[in-house]
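Peer 1: Please construct the entire structure, taking both the sequences and the accompanying hints into account.
The primary structure of each chain is shown beneath.
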Amino acid sequence: MAEESILTDDFLRELINVGEVDILIGVPTYNDAETVGQVLQALRAGLLQYFPRLRAVIINADGGSKDATQDLVRAASISDLQHGSDLRALRTLHCISTQYPGGASKGTALHTILAAADLLRATGCAIISADSANFQPEWVESLLRPVCHDNFDLVTPVYRRHKFDGLLVRNLLYPMTRAIYSRRIREPYPAEFAFSGRLAGYFLGQDIWSQDVGRAGAEFYLTISTIAGGFRLAQSFLGTRPHSERAAPDLVPAMRMTAGVLFWSMEQNFSAWSASMGSQPVPTIGPEHEISLEPLRVSRKRLHQMFVRGVAELAPVLKTILSAQTLSELEQAAAVPEEEFCYSNESWVRTVYEFAAAYHKTVISRDHIVQALVPLYRGRAHTFLVENRDASADEVESNIETLCLTFERMKPNLLGMWDGGK
Amino acid sequence: MALPQDGLWYKDAVIYQVHVRAFHDSNGDGIGDFLGLAQKLDYVQDLGVTALWLMPFFPSPLRDDGYDISDYQSVHPHYGTLDEFKLFLNAAHERGIRVIIEMVLNHTSDQHPWFQESRSSPSNPRRGWYVWSDTDTRYRGARIIFIDTELSNWAWDPVSKAYYWHRFFSHQPDLNYDNPAVREEMWNMMKFWLDMGIDGFRLDAVPYLVERDGTNCENLPETHAVIKDYRARIDQQFPGRMLLAEANQWPADLRPYFGDGDEFQMAFHFPLMPRMFMGLKLEDRKPITEILQQTPAIPENCQWCLFLRNHDELTLEMVTDMERDYMYDEYAHDKSMRLNLGIRRRLAPLLDNDRRRIELMNGMLMSLPGTPIIYYGDEIGMGDNVKLGDRNGVRTPMQWNGGWNGGFSVADPESLYSPLLLNPVYGFQAVNVQSQKRFEHSLFSWTKHLINVRKSMPVFGRGSIEFLYPANHRVLAYVRQSGKDSILVVNNLSSSAQAVELDLRRYKGNILIEMFGRNIFPRVGDLPYLLTMGPYQFYWFRLRKI
Amino acid sequence: MWDTIVGELIQATRDTWHNVLHFLPRLMGMLVVVLLGWLLAYILKSILRSILRLARFDRLSEHWGATELLNKAALPSSSELLSRFVFWIAWLGFILVGVRALEIVGLQEPIAKFFGFLPRLFAALFVFFFGLLAASFFSRAALLAAVNADLPSPRLVSSVIRTLIIIFALSVGFEELGLGEHTVLVAFAIVFGALMLGLALAFGLGGRDLARQYLERRFVRGHKEEKEDELSPL
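Protein chains in written order, with this note's numbering: chain E, 1 to 422; chain B, 1001 to 1546; chain X, 2001 to 2234.
Please keep in mind that the hints were generated in silico from the structure rather than gathered at the bench.
Here the structure is a predicted model, which means the values were calculated and not measured.
A portion of the hints provided could be inaccurate.
Examples of chain E residues lying across from chain X (beta carbon under 10 Å, computed) [claimed, not checked]:
(1) Met306
(2) Leu314
(3) Ile364
Cut-off 20 Å, straight-line C-alpha distance, at most; resulting in silico cross-link-like pairs (EDC-like, lysine to aspartate or glutamate) [stated by the list, open to error]:
(4) B:Lys1281 with B:Asp1229
(5) B:Lys1484 with B:Glu1466
(6) B:Lys1281 with E:Glu20
(7) E:Lys361 with X:Asp2058
Where is the CB? At the ideal position from N, CA and C, for every residue including glycine.
Peer 2: Right, here's the structure in full:
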């Protein structure tokens, strides 16, 4: 079957002209003209300041932006062409832009960047999100130094985040990845990260690009592959996570990219996670967690409502997924008024694990299983918000830690459900 | 006897820089001399160079390799007599080789009779010939040039109990150019040699002639006025003789030295040279193109002088701190190779004795706009001796053959002015003229061929330059043009093979003729012109439309 | 007279015996064919079952949700079902060939007709089956989507979609079978049309204001109403 290459002829020609590089920074974009300019400036400044002697290239993988994104990227190169000389730079810095086929997709963007990194034999690579409005030049160093100098294969970021930011990560992604794959990675689904050329080549060779995970959730699967493949992993503290101006992503696709990919990965890497218990810390540069506490108005009521409706309306679906005991627990919780509502840690962990097992057995269509988790997650989010409403940073951290330990403790249950009955 | 004065001969010249002391010894005292140099003029002519630039040969205590002059109108006894010099000069002219000598205007040796008189008493008539002061606080704005040896630009003279000004070594007091007597006498010195028939002067250390408080004492308008005056007199009395400025300055600051074509005819392009080495290591043309982009246009009758190495250290004054650190780390990791903000190594050792890189650098030297200078010994790939002090490591005897003292002198090896190079790689038995002349593939033969090709087209010396900026930044490409002649030069600065697409639409329809083999390359069409190049390879193409 | 009767009887008996004798070999032939057919069909079924098992057909059908449906209907697994189905088809074929060998004139045409009808029967069965599958899948998808998008009455939407798909499948199936095709089709068209008209009226009349608001927001840049801080889940 003749596949259309993700590398267009023009892009390939540009790659030939760039030649071998030491550092490759990928910036996936889609209509990011507002913020991409600042990000590129920060990247340039970071490269000039911290890696002035290394050959570097910035590659923009664009999904078909209708605004001036691609032009802005091209204007950011440092070369000896017309627009004035940049004497502060020893070397030419290329900024090239390509539009990958198939419409905007983070997975395809990553695929393109990995292919470029492989062809250009880059030793240190990074992916930087184009809407990080407050990206600092120092972050380039924080992410790339461990890869370039200390031989790590993947460096995920650690941010200072508001205690209510990233609820899905805090309640599901971080604790479950930690329990399943035994590594305490705070941001398993990073928006920006650095990786080695070795890992790029390895991940490029994985057979995921024609599947769903190859289009959305590939970054998360990269983290999992790193662990499963025995590569060296580290995390590096950057700074405050920028609050994106854009609307928050819809929960259903978010759940697909996270829980869906996680469940799917468990099947692919069974031997990697089934034998390990507990979790080990990951080498961390800088503080491991920082929580900011500005007051934030959140709509909790709606979360609770959607949980209740979800449990009620999706009963036939949930019956096929959850055990009778768990389902009745949820129904009881749904019956209670909002002020007393609580989705306990144990309950949540049991729910998630039963979903994982159901996914593995494909009791119904797998995508439907993932979708059914969404209203239940809303309930959990509600409980988290209530629990931590007046909590200090340390208290929040300790609550999360408790949740993580619950996930770890109940992992044998998951294993029991995996091949046996419910 | 002087050569016919074709007004712009220096634009077409290929200059060979030679130290009389180091070239060839005729009388067995271990020091090269003029008769010896005359004996080797056939070699010089064979190489193909058209002009000789001689390092200072005046009487001198030799504490700065001859740049500390104690008599401007004679020849140091080590090198022979004035008559022997004249003999050599005529012999050179007979072979069509012009001769450029040094004229150190800025300072003399403290052994010069003028200084001896000047210091003897404050009332001496020559007192005002040097710059005296009771304090050492004037001219604070001036930097120290020999930072490795000097702590101040003022030196205390115990004889006259006063400070005297010196921009260089303390034994080289600066002459006072505010004094008209000084200016006249120096003209007389120059006239002495011009009368004899020499073709040009390299004026050493020109920026520092005049000093003023509140300035950095470099490139002052008064300095320019002095030179313009000299030039006017030369044009009147000795038309066609050339003045070459040694001024280690940024291109924009160098421009004034050309005046309106009424000051220096030539000046060294100092900032370009380290950037050529940098571009080679970075495998990126950016340092080279940027400095040339910033180089201002100069009057029609003026010319830049290009060089790869010379008798001094490879100066890193005209680069940023970051660039200097890079150059140190890449080219002079051993700190003993560093001197005075520079690197004291010869061309071949700097390039790891890599034949391809040596060829590429020479190719660029011969094709970039300007008059090229070859430092003696670099045409056979001579090495250096960093264990010798100061910059003497690059001033070792010329290696003529594998025999006694490398053919330099019949004296005992211990009597030589400098030890020979003996190691297996660069020693005189490995690297010498005689063995290289026998083979067509030797560096000498290649350099000779290169000079030949360059001389075949006046475009190189006289033409304009237009850079092409192919997307592959490892390739430096430009077109030299003069009248109807166009030459495309493409250089691969990378150690690996490269493919490059050149936008030659302006030259559509031209056939490319490679100048060394004279083979025809495809004609330029509408599409970008694709060239594939081996590591460090370069092409010179003549563009012909038939 | 008695002689004639006896003689006729004897003649008739003899004729019948003759016919029987003539028929017997054909009967034997048919039985042989049938037996052979059974053997071949059984072999075919076994082979197919092995192939399906190797090709993990059960997995695939699980993915489509077919297994779920079969389990509900207390039917065996898909690969088993398929193998048995093939077995019966093959054997039936052989039986009919055998019957043909009997050369019972009256039976030839009906048999031929039956054979002609068979493909349409299978097609209809397929349509019903896949219709059920689709109904179950899409109704569940609609349910999940409605719940997650916070739309009103998700169960209702889900059931409506299930019913519509089933009815559609049924009508296509019946059309295939040639049973009251037009009637069912028209009935379906009426129901569907009425539903659509009802929805249009409801939305059109009731949603007038909403539509206006939406259009205003889209095309007239008014000032953004203050909304609560959005949280990013990721």
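Peer 1: For every hint, state whether the structure bears it out.
Peer 2: The hints, checked one at a time:
Given hint, Met306 of chain E at the interface with chain X, holds; its Cβ is 6 Å from that chain's nearest Cβ, closer than 10 Å. At a threshold of 10 Å, the smallest CB-CB gap from Leu314 of chain E to chain X is about 6 Å, leaving the interface hint in force. Hint on Ile364 of chain E holds. Least Cβ distance to chain X is approximately 6 Å, under the 10 Å limit. Annotation: proposed proximity of Lys1281 of chain B to Asp1229 of chain B is violated, straight-line Cα distance about 43 Å (limit 20 Å).
For the proposed pair Lys1484 of chain B and Glu1466 of chain B, the alpha carbon gap of about 15 Å is at most 20 Å, so the pair holds. Of the pairs offered as hints, the one joining Lys1281 of chain B and Glu20 of chain E holds, with about 15 Å between alpha carbons and a cut-off of 20 Å not exceeded. At roughly 12 Å between alpha-carbon atoms, Lys361 of chain E and Asp2058 of chain X fall within 20 Å of each other, so this suggested pair holds.
Hint 4 from the earlier list is the only one contradicted by this structure; the remaining hints agree with it.
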